[in-house]
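Q: If you want the building blocks of each chain, they are given just below.
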Amino acid sequence: MSTTANSSDLLDYASSLEWRGYSRADGRVGIRNHRIVLSTVALTDRLAASIASMDRDSLCVTGAFSRGLQKTDEHMVERFIQSVLTHPNVGAALVITHDGASADHLAEIVKATIPVEYMAFMECEGREKAVAAGCEKLQMLADRQDALEQKRTVVGPRAVSMALECGGSDISSSICSNPVIGDIFDFVVAAGGLAVVSETTEFIGAEAVFDDRCPNPMTRKATLDFIGYRAILMEQDSGKDYRGTNPTQENIAGGLTTLIEKSMGAVSKTGTTDFISALEFGMSANAPGLHFMDTPFFSPVSLTGMMMAGCNLGLFAMGVFNPSGNPLCPIIKICGNPQTLRHWGDDIDVELDGYFTGELDRVGAQIAVLSKMNMVFNGAETASEAIGEGQFMLPRLKDAL
Amino acid sequence: MQLDVGGGRRFLVLDPSDNVATLLDEETELDRLSDGMRIAEHVPFGHKVSLRPIASGEAIVKYGVEIGSATQAIEQGEHVHVHNCQ
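Protein sequences, first through last, are from chains A and B. Heads up: take any position in the first sequence, counting from 1, add 890, and you land on my numbering. Heads up: take any position in the second sequence, counting from 1, add 3, and you land on my numbering.
Hints were generated in silico from the structure; no laboratory data involved. Glycine is no exception: its CB is placed at the ideal position from the N, C-alpha and C atoms. Warning: the hint list may mix true and false statements.
Claimed, not checked - So these bits of chain B aren't anywhere near chain A, every CB distance computed over 10 Å:
#1 28
#2 38
#3 76
Claimed, not checked - Okay, the calculated bits of chain B under chain A, using three or more residues with CB under 8 Å as the criterion:
#4 13-24
#5 51-59
The following block holds chain B by itself, in its conformation from the complex (with noise of 0.2 Å):
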């Protein structure tokens, strides 16, 4: 699945049952995605934004798998990284 409308970062949801994307483009002011959902600005190429809310404890999940889970509650459109992911 990708999407590419302009006006919003690149991205890639690796699978249907990921909660997150990862930005395809240094792009990194831009504050939406292609498909015009928010997103945090700043977020660097090869990195993840939430697709939805996620409660703290919750699974991160790509490539359809659990790859960590929320050490915090996380917004839909925050950076998903250290901070918040373990």
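Chain A with its partners taken away, still in its complex shape (with noise of 0.2 Å):
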């Protein structure tokens, strides 16, 4: 299958860029460096809150993670912990823990090669002193890493590990901004750059992608399965089989006019290159290609699946507005809709509505998506970082106790 991705403009454009980033002792690359204070429990959200805003470099992480956990649930939360504290963005860590056992139990399971520093809320001795002892804390952090002198350098695309994403999905997404991220992923992995792609009830309808496009019988085994079980739990939750109702009237009214080509839409996002894994929900991708991660559909859970994956950064395809994202992975919105970008333009970081207007073409698009995305690399700012928008969320597995 061939595609305009690699056309010699973009490539051109592509080898006068420089990417520096932030390399990490168990060699993945960062492009940020953030200091972060990590709640791990929803009690301490509000003190970690409170600390993080006394020390304006540093990103405040909180889940309203709960206790009383089963096992399951329970090992979600640790992964997360862990995936984040091993996040190549994240520079150093405040973790704050419900009790001192819970800190000790931590620090022994994580393998952070980053400065950590844990306090026990248990421990404190009020609120006052509680948020005075982790601002002295986030100075210590500070401090050893200047001693550690974390700064930037020349790493090259091969560093790019992209989440990609679509939400409030419409035409302009299908044709546009879906395909554009496509032939940048297509840059990236000819680069030896990574993406992974989730969501698994967007793949219903196209599981012929796989048999194209999956080389290794386990992982394309793999992948159905998690594809059939979401549709057999959407077909249990509505009465309806998924297949046999879309596409829907309305997707017909708008030009769709089989089930493939409707979920194509979403997965023209992954361009032409073969799937190398299939993820269970926030397990780490580390080899350089595409990896498929299964996650439920709501974009703030998939982001935050993606981000444990260790990406640094992801393109999400938007069509009417959808304000997800995630405060550890940047996320560069790219929007093709007039009527989105009239409305939503602050929070959009690159805009399409050229294609649809004729002022802009592919190779533009491409340019466009890979300049910012550059950018956002090197350090500047996406839209949602400038907002501070953005959610991290685990999915649902089971009742607590």
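Since each chain sits alone in its own frame, please combine them into the complex, following the hints.
A: Structure follows, in structure tokens:
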């Protein structure tokens, strides 16, 4: 299958770009160097926010995590904590736990290579002293970061590790933003980078893609099992067969003829490269190439999963407005819908409406996206980062005890 | 691949192997694409037209992927949708 991705115009432009990131001890590369305050349970969320607000260089990470979870959910929270503390965009971390035993447990299981400090809420002596103690620890972390001289160096486009996402999807995403994201990923994978794509239900109807683009039979089977399982969940919940009721009458009126055509609108953001792995939610992605991750379709959850995989940035195709984001993994919002751009332009990073007015061709759109991605990689804030938009959210697995 | 030489409808071919184009404008009274190829009138925005004659049973290709097959012979420039593709 060929594409316009490797047009010489795009490659000429790409070769002129410099990519500078933070090389971590585990070999991964960050595009941010956040000093985070991580709250490990909802009870410490407010304290974490108070401490983080005293240090303008810090980022608060909270997820309203529960106690009394069954093991699968408890392990999911631990996996979240572990992946945040080893995330390449994190340069140092203050971890706030409920009690001393939890702090000891985390210190034992987490294998972070960055400076980490722990603080147990139950060992604090009042709000004021707790905030002061947290600030002291943040200062210690900042000093340790200075001593380590965490600095950007030239790393090349192979250090791009992308989350591929779409939300509020419409025709502009299916024929414009998503295919252009696919072109950019084809470039990234050719350079030795990686991407993760998720939202399993989007692939219902596009199973044939895996026959063509998934050479490893184990990976193909695992992916198709993930898709089949979510299709059954949807059918059990709605009483309707998704495949039998899609495309909907509304989709057909909009020009979509078949289910695979509808699904390809989303799948086209994966470009033309092979799928090399099928990951459970939040597992890390390390090998160069394209990874599939099984996640629910709600964007804040799927983005959290791809952040946990280690993605250092995300490309998000937006049709109608969708405020999903991830504070640790900068998400670049790309939109071709003129009305969305009129109303929500402040939240959007790349405007592709010229595609529909005839002012922008595919190579022009590719260059617009690649140029923004390069700037964000090298440190420019995304719209979501400037606003402070974004969520951390885990999937729901079992009832809490 | 996207052309806009004026006088015809703006369109998009997503992959070089596609045999359909997607229309990008609402100029439904026009009967040609911006590259001059004759097409049916009244094809709505976002819908597809065939780029060449397609035999009954032949694959309809968009995104470089078979999205369906022709249920009857389709002429070049004809509207491709649920009436002739499934």
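Q: Run every hint past the structure and note whether it holds.
A: Evaluation of the provided hints:
1. 28: With a cut-off of 10 Å, residue 28/B comes too close to chain A, as the shortest Cβ separation is near 7 Å.
2. 38: holds (13 Å)
3. 76: Per Cβ check, residue 76/B is outside 10 Å of chain A; nearest 17 Å; holds.
4. 13-24: Result for this restraint: holds, n = 6.
5. 51-59: violated (count 1)
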